[in-house]
Amino acid sequence: MTEDVIEVNNAMKAGGNSTFYVHIEIERGSEWHEIPNIVLNSLYSCDLRPITTLELNVSQDALDASDRHMAKFFSSLSSVATIHTDSSTMEVLIQLHWHEDLHGEILFPSLESIVFNTDADLICSTIMHFLLQRRDAGVPITGFDLHNCTSPNQDRLLFLEGIDGLDVNWNEEIRNSM
Numbered sequence: 001m002t003e004d005v006i007e008v009n010n011a012m013k014a015g016g017n018s019t020f021y022v023h024i025e026i027e028r029g030s031e032w033h034e035i036p037n038i039v040l041n042s043l044y045s046c047d048l049r050p051i052t053t054l055e056l057n058v059s060q061d062a063l064d065a066s067d068r069h070m071a072k073f074f075s076s077l078s079s080v081a082t083i084h085t086d087s088s089t090m091e092v093l094i095q096l097h098w099h100e101d102l103h104g105e106i107l108f109p110s111l112e113s114i115v116f117n118t119d120a121d122l123i124c125s126t127i128m129h130f131l132l133q134r135r136d137a138g139v140p141i142t143g144f145d146l147h148n149c150t151s152p153n154q155d156r157l158l159f160l161e162g163i164d165g166l167d168v169n170w171n172e173e174i175r176n177s178m
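In terms of the UniProt record's numbering, the sequence shown has 98 at position 98, counting the first letter as 1, and numbering is strictly consecutive.
In short, the hints are calculated from the structure, not lab data. Here the structure is a predicted model, which is why all the values come from computation and not from measurement. Among the clues, some could well be false.
As the list claims (entries may be wrong) - Across the chosen pairs, the derived CB separations fall in these ranges:
{"hint": "1", "residue 1": "S177", "residue 2": "S110", "range": "33 to 41 Å"}
{"hint": "2", "residue 1": "E105", "residue 2": "R156", "range": "26 to 34 Å"}
{"hint": "3", "residue 1": "G162", "residue 2": "R49", "range": "33 to 41 Å"}
{"hint": "4", "residue 1": "D155", "residue 2": "S45", "range": "43 to 51 Å"}
{"hint": "5", "residue 1": "T142", "residue 2": "D47", "range": "23 to 31 Å"}
{"hint": "6", "residue 1": "E112", "residue 2": "D47", "range": "19 to 27 Å"}
{"hint": "7", "residue 1": "R49", "residue 2": "R175", "range": "29 to 37 Å"}
Heads up, the beta-carbon is just placed ideally off N, CA and C, and yes, glycines get one too.
Take the sequences, apply the hints, and build the full model.
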């Protein structure tokens with residue numbers, strides 16, 4: 001069974017609208033398990049500061065969140081202001097927050113907005129934990145976009161409207177049916 005290890009679609013704003021895509025997929029237990037580290041090592045040695053928008057989907061089942069290559073790669077994305085992601089990836093980011101190689105550094109210090117355009121299950125406790133972790137670190141999320149989210153049970157996210165300073169963008173039809 002093949003599982004996504006990491007899928008990164010970065011919209012780079014260098015000289016126009018260039019786009020940079022990386023998709024790494026391995027089979028669990030494969031002899032190729034070191035390939036993602038090689039790719040991540042190559043990427044985090046590049047200047048990734050022009051990247052302000054990141055589409056990030058990480059499978060925590062197939063990836064060890066304690067991996068230092070992963071932590072170093074994410075720490076090199078210091079200018080990312082918007083992340084398109086899902087709850088499972090947020091769980092990996094929560095775990096990486098405590099990674100020893102980061103020495104207290106905050107991942108994505110410029111991050112302001114999260115976009116969920118997914119049909120994946122919503123894990124409310126993870127979303128809340130991520131938002132509180134960011135707030136407590138002094139870098140709160142100010143925008144949460146659910147406009148294109150097709151996940152079931154979005155009514156479970158109504159708590160987002162009660163978070164001070166967080167602007168929630170709902171799909172009007174879905175919001176009105178709650």
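Cross-check of the supplied hints:
1. S177 with S110: 33 to 41 Å: holds, 35 Å
2. E105 with R156: 26 to 34 Å: holds, 32 Å
3. G162 with R49: 33 to 41 Å: holds, 34 Å
4. D155 with S45: 43 to 51 Å: The hinted range 43 to 51 Å holds for D155 and S45, with Cβ atoms some 44 Å apart.
5. T142 with D47: 23 to 31 Å: Given range 23 to 31 Å: holds, Cβ gap about 26 Å.
6. E112 with D47: 19 to 27 Å: About 21 Å separates the Cβ atoms of E112 and D47, which means 19 to 27 Å holds.
7. R49 with R175: 29 to 37 Å: At roughly 36 Å between Cβ atoms, R175 and R49 fall inside 29 to 37 Å, so the hint holds.
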